[in-house]
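Enquirer: Numbering (the working numbering), first residue to last: 111 to 330.
Note that these hints are calculated values from the structure, not bench results.
Possibly wrong hints are sitting among the right ones.
The list that follows gives simulated cross-link-like pairs (lysine-lysine, DSSO-like), each with its CA atoms no further than 30 angstroms apart [as the list claims (entries may be wrong)]:
| hint | residue 1 | residue 2 |
| --- | --- | --- |
| 1 | K202 | K307 |
| 2 | K229 | K300 |
| 3 | K209 | K261 |
| 4 | K296 | K241 |
| 5 | K322 | K188 |
| 6 | K209 | K288 |
| 7 | K307 | K286 |
| 8 | K300 | K180 |
| 9 | K212 | K300 |
| 10 | K220 | K300 |
| 11 | K288 | K307 |
| 12 | K330 | K202 |
| 13 | K330 | K137 |
| 14 | K180 | K234 |
| 15 | K241 | K322 |
| 16 | K288 | K220 |
| 17 | K180 | K288 |
| 18 | K176 | K299 |
| 19 | K299 | K212 |
With beta-carbon atoms standing in for the labels, derived distance ranges [claimed, not checked]:
| hint | residue 1 | residue 2 | range |
| --- | --- | --- | --- |
| 20 | P130 | R230 | 35 to 41 angstroms |
| 21 | K202 | L235 | 22 to 28 angstroms |
| 22 | Q281 | D216 | 30 to 36 angstroms |
| 23 | P321 | T282 | 30 to 36 angstroms |
| 24 | Q128 | S275 | 28 to 34 angstroms |
| 25 | G157 | V274 | 20 to 26 angstroms |
| 26 | K288 | G132 | 35 to 41 angstroms |
| 27 | T323 | T282 | 28 to 34 angstroms |
Yeah, the Cβ is synthetic: ideal placement off N, Cα and C, and Gly gets one too.
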Amino acid sequence: MRLLKFFICFFSLNLFAQLPKGFSYVKDITPSIQQELRYCSHNNFIGIPIDGYETNVLITSTLTAKALGKVQNELLEKGLSLKIYDAYRPQKAVNHFVKWAKIINDTLMKRQYYPEVNKRYLFKLGYISSKSGHSRGSSVDLTIVDSHTGKELDMGSPYDFFGVSSHITYQTLTEKQKNNRALLQKVMKKHGFRPYKNEWWHFTLRNEPFPKTYFNFPIK
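Turn these sequences into a full structure, and let the hints steer you where they fit.
Expert: Here it is as structure tokens:
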């Protein structure tokens, strides 16, 4: 009886953890990539864990995970590493963002993430949208860190900062900050990713496998 229960539990867990076809856990392809899944924690622009983020694991389309592996291999040769803040994002998480954006007086994290932006304009300025490329499985938010210390390279503005200093064309930066951003842009583009003009950390795989499909399975 105990053996039977073991096999039932084993197969149930494997079924539970199964991803849709064409998706992979990033750690299964490139385990050396560092991560800090912000939306699974309180350290994000809303200030609470986001709907659909049940476990601190990174999921992307398999093609994206393989392309990230190529980026990582090049960075490791320089003593550097990728650090990913967000990858696949279920639609229910995007819905959470939209619901929050409509509650104008909920500004718990304003000082840290959007000090100069009036919350009522987040939709108009493009910081919040009802659809996200992340839900297609091939967009990632990331930076570069020292592979030995884990210290992030100085990019001139924090991740998920709503403001012009996060735009990739922003020029009021030190030479070191400019060089760090240029390195990130160069290595990501080289291995098949396109940037997003308003966020230095955001990239989407060119020729993504699910360009019109927005998934909603939870991250677990």
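Enquirer: Hints first: check each against the structure and report whether it holds.
Expert: Checked hints:
For the suggested pair K202 and K307, the alpha carbons sit about 25 angstroms apart, so the restraint of at most 30 angstroms is met. Proximity of K229 to K300 is assessed by CA-CA distance (about 36 angstroms); at most 30 angstroms being required, the pair is judged violated. Distance hint between K209 and K261 is unfulfilled; the C-alpha atoms sit about 34 angstroms from each other, more than 30 angstroms. This hinted pair checks out: K296 and K241 have alpha carbons roughly 27 angstroms apart, not beyond 30 angstroms.
Taken as a hint, the K322 and K188 pair is broken in the structure, with Cα atoms around 36 angstroms apart against an allowance of 30 angstroms. Among the hinted pairs, K209 with K288 is inconsistent with the structure: their alpha-carbon atoms are about 35 angstroms apart, more than 30 angstroms. Restraint check for K307 and K286: satisfied, since their Cα atoms lie roughly 20 angstroms apart, inside the 30 angstroms limit. Of the pairs offered as hints, the one joining K300 and K180 holds, with about 9 angstroms between alpha carbons and a cut-off of 30 angstroms not exceeded.
Only pairs whose Cα atoms come within 30 angstroms are accepted, and K212 paired with K300 is rejected, the gap being roughly 38 angstroms. For the proposed pair K220 and K300, the alpha carbon gap of about 35 angstroms is over 30 angstroms, so the pair is violated. Distance hint between K288 and K307 is fulfilled; the C-alpha atoms sit about 15 angstroms from each other, no more than 30 angstroms. Taken as a hint, the K330 and K202 pair is honoured in the structure, with Cα atoms around 14 angstroms apart against an allowance of 30 angstroms.
At roughly 13 angstroms between alpha-carbon atoms, K330 and K137 fall within 30 angstroms of each other, so this suggested pair holds. For a cut-off of 30 angstroms, the pair hint linking K180 to K234 is broken: about 36 angstroms separates their Cα positions. For the hint linking K241 to K322, the alpha-carbon distance of about 11 angstroms falls within 30 angstroms, and the restraint holds. Distance restraint check for K288 and K220: the Cα-Cα separation of roughly 26 angstroms lies within the 30 angstroms cut-off, and the hinted pair is therefore satisfied.
Pair hint K180 plus K288 holds up; C-alpha atoms about 23 angstroms apart against a cutoff of 30 angstroms. This hinted pair checks out: K176 and K299 have alpha carbons roughly 14 angstroms apart, not beyond 30 angstroms. Distance check on the hinted pair: K299 and K212 sit about 35 angstroms apart at the alpha-carbon level, beyond 30 angstroms; violated. Checked against the given bound of 35 to 41 angstroms, the beta carbons of P130 and R230, roughly 36 angstroms apart, stay inside it.
About 23 angstroms separates the C-beta atoms of K202 and L235, a value consistent with the hinted range of 22 to 28 angstroms. At about 33 angstroms, the CB distance of Q281 to D216 agrees with the hint of 30 to 36 angstroms. Between P321 and T282 the CB atoms are about 35 angstroms apart, so this pair conforms to the stated range of 30 to 36 angstroms. Checked against the hint of 28 to 34 angstroms, the pair Q128 and S275 fails, with Cβ atoms roughly 41 angstroms apart.
Between G157 and V274 the CB atoms are about 23 angstroms apart, so this pair conforms to the stated range of 20 to 26 angstroms. A C-beta distance of roughly 37 angstroms is found between K288 and G132, which places it inside the suggested range of 35 to 41 angstroms. Judged by the Cβ atoms, the range 28 to 34 angstroms given for T323 and T282 is violated: they are separated by roughly 39 angstroms.
Hints 2, 3, 5, 6, 9, 10, 14, 19, 24, 27 from the list above are not met by this structure, while the remaining hints are.
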